[in-house]
Amino acid sequence: MTIHRILIANRGEIAVRIIRTCRRLGIQTVLAASEVDRDSMPARLADRTLCIGPARSRDSYLNVGAIVQAAVAARVDAVHPGYGFLSERPALAKACAQNGVAFIGPTAQQIESVGDKLRARAAAQAGDIPVVPGAAVGSTAEALAVAARVGLPVLVKAVGGGGGRGMKRVERLEDLPYAIQLAQSEAGAAFGDARVYLERFVTRGRHVEVQILGDGRGQVIHLGERDCSVQRRYQKVIEETPAPGLSDSLRRRLHEAAVRFAARMAYRGAGTVEFLVDIERDAFHFLEMNARIQVEHPITEAVSGVDLVSEQIAIAAGEGLRLRQSDIRPRGCAIECRVNAEDVAHDFRPSPGHVSAVSWAVGEGIRVDTHIEARARIPPFYDSLMAKIIAYGTERDAALEQMWRAIAATRIEGVATNLSLHSTVLADRQFQLGGVDTGFLARLLDRPPIHVEARLG
Amino acid sequence: MTLTAKDVAEITRLLEESNFDELMLELDGLKLTLRRNGFAAAATSSNAEGGTAPFSQCGRPQTVSADQGLTPGAAPAVGPAPPIADGASHNISAPLLGTFYRAPKPGSPPFIEVGSTVEEDTIVGIIEVMKLMNTVRAGTRGRVVDILAQDGALVEYGETLMRVGKAAAA
Chain A
1 MTIHRILIAN RGEIAVRIIR TCRRLGIQTV LAASEVDRDS MPARLADRTL
51 CIGPARSRDS YLNVGAIVQA AVAARVDAVH PGYGFLSERP ALAKACAQNG
101 VAFIGPTAQQ IESVGDKLRA RAAAQAGDIP VVPGAAVGST AEALAVAARV
151 GLPVLVKAVG GGGGRGMKRV ERLEDLPYAI QLAQSEAGAA FGDARVYLER
201 FVTRGRHVEV QILGDGRGQV IHLGERDCSV QRRYQKVIEE TPAPGLSDSL
251 RRRLHEAAVR FAARMAYRGA GTVEFLVDIE RDAFHFLEMN ARIQVEHPIT
301 EAVSGVDLVS EQIAIAAGEG LRLRQSDIRP RGCAIECRVN AEDVAHDFRP
351 SPGHVSAVSW AVGEGIRVDT HIEARARIPP FYDSLMAKII AYGTERDAAL
401 EQMWRAIAAT RIEGVATNLS LHSTVLADRQ FQLGGVDTGF LARLLDRPPI
451 HVEARLG
Chain B
1001 MTLTAKDVAE ITRLLEESNF DELMLELDGL KLTLRRNGFA AAATSSNAEG
1051 GTAPFSQCGR PQTVSADQGL TPGAAPAVGP APPIADGASH NISAPLLGTF
1101 YRAPKPGSPP FIEVGSTVEE DTIVGIIEVM KLMNTVRAGT RGRVVDILAQ
1151 DGALVEYGET LMRVGKAAAA
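Residue numbers (this note's numbering), protein chains in the order written: chain A, 1 to 457; chain B, 1001 to 1170.
Do not rely on the hints blindly, as some may be mistaken.
As the list claims (entries may be wrong) - Straight line, CA to CA, 25 Å or less: simulated SDA-like cross-link-like pairs of lysine to any residue:
#, chain 1, residue 1, chain 2, residue 2
1, B, 1105, A, 195
2, B, 1006, A, 195
3, B, 1006, A, 394
I should point out that these hints are in silico values taken from the structure, not numbers from a laboratory.
With the hints as constraints, model all of the structure from the sequences given.
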């Protein structure tokens, strides 16, 4: 099957990024946009835009019926779900299949089995991959029992969650009932599945994930790992590849575990297997698998030279894997900073509004994935990601310095941003040394650090 | 630009060891500002430069200026109500713009009703913004006399959600 036209069921920078690859491949694009996104950058870049509903995601980007209707009406060959929204909802994959449209991603069944974090945990265990102690909880009483068994602190996680959404850390038993309620409500709103589970909170770990590609017939390759340990409240802020300071054997075992996990289910498409790495013990635990393209995929592209979206499309078209494991030879180091519309001075409160002026960094080794230009509007209905700045260098130091300059050269006016958070982290000695754990950023913000603001020009 | 991230890490250490709170440096077109006390310090200074309207702290009602609105050309019909300063009642206003919910989840009883008594830390609602649920606390003591915000409605930053009658001095 040849893919001539794709419907993009997403918004923001990822919609722009998918359009970019489609243009290069000569594929027409149809953007499914909500009312408030009709004048957005992706809407202008797409060959056609269809307004699928009002601003609220529930009525637009999460509306399977409207999206499939748009796909059929626009006579597309395939639907690209991006990340978030319906990307990991079996309903969209299923509805696409029923309507003769290819879904650029795994099968509905695979989405179901990895999307249900409890089933994914069981699958990991069956594949001989260690998991963090925990269990599902249906009631407050159950939650208290599980928390007592695995020990405090615990993480409350959404069974249908991912990307750090719907996660709450609980230190005291008396806080558990309300945390469960809030997590259920957040999970229900964000994923349409209010079930939650508890996991022991590992205090000193690193978040390392492995990018994989599968042909859906049992062939799986990996494209190396990404270290996403710089997080604030379980939201990734800075990612880099390769993960600094891992032993060769641990790195290899991570890659192998990820491939094994995906191959056992004959995974189709691009996916990411996330691990919690315990450096001191040279050990790791399976966290979850993300059955979609990840926000931070560009750093893998930077070091491997592979266009992951293009491979996703090829796999959906039935071409299988066009690359063998031996074709993947990552070179150099890449780092990504997520630029968010949030006010660092006021507890990182989201800062929707109008961008009055913007100027992104340019230069060798710099890539900026964004949908933000002057006069762009950042609506309050969606997440606060404005751009991803990716810097490449042959060595880690060089990539970091490239990023430092790129952040200083970035100008955004009209909304508050987290640019100075990035400058502060980049100028931190511990971060410069590499290998920080997931608690690094919280400790840095607690101290409090010397706030670094750098502006070029 | 000759000043590297490594250089700045070094400068940061010097500042840490010094008696100064702030250091500004201009070199090769790079304007560098270092401030002790982290991100809170940034609140008072640099934000206005970037054209950002500074927000007030959570729970402290403030009249929202035009440039804080989402779409200056299409301002919502209902603006934030001015705080009542009669001393007899207190407004609980939205700490941020988003979708207001009165109950922890659909179908659950609301956190509070008219007539409920609230303490400073009583949860009175949830505001969903960018898929995150933010708890709204009363921030005052007393009896709820009026609930203005509709469940599931978009509320603006600073918009009055409910009014609380002052508790008699205990």
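Starting from the hint list further up, note which numbers the structure goes against and sort them upward. 2
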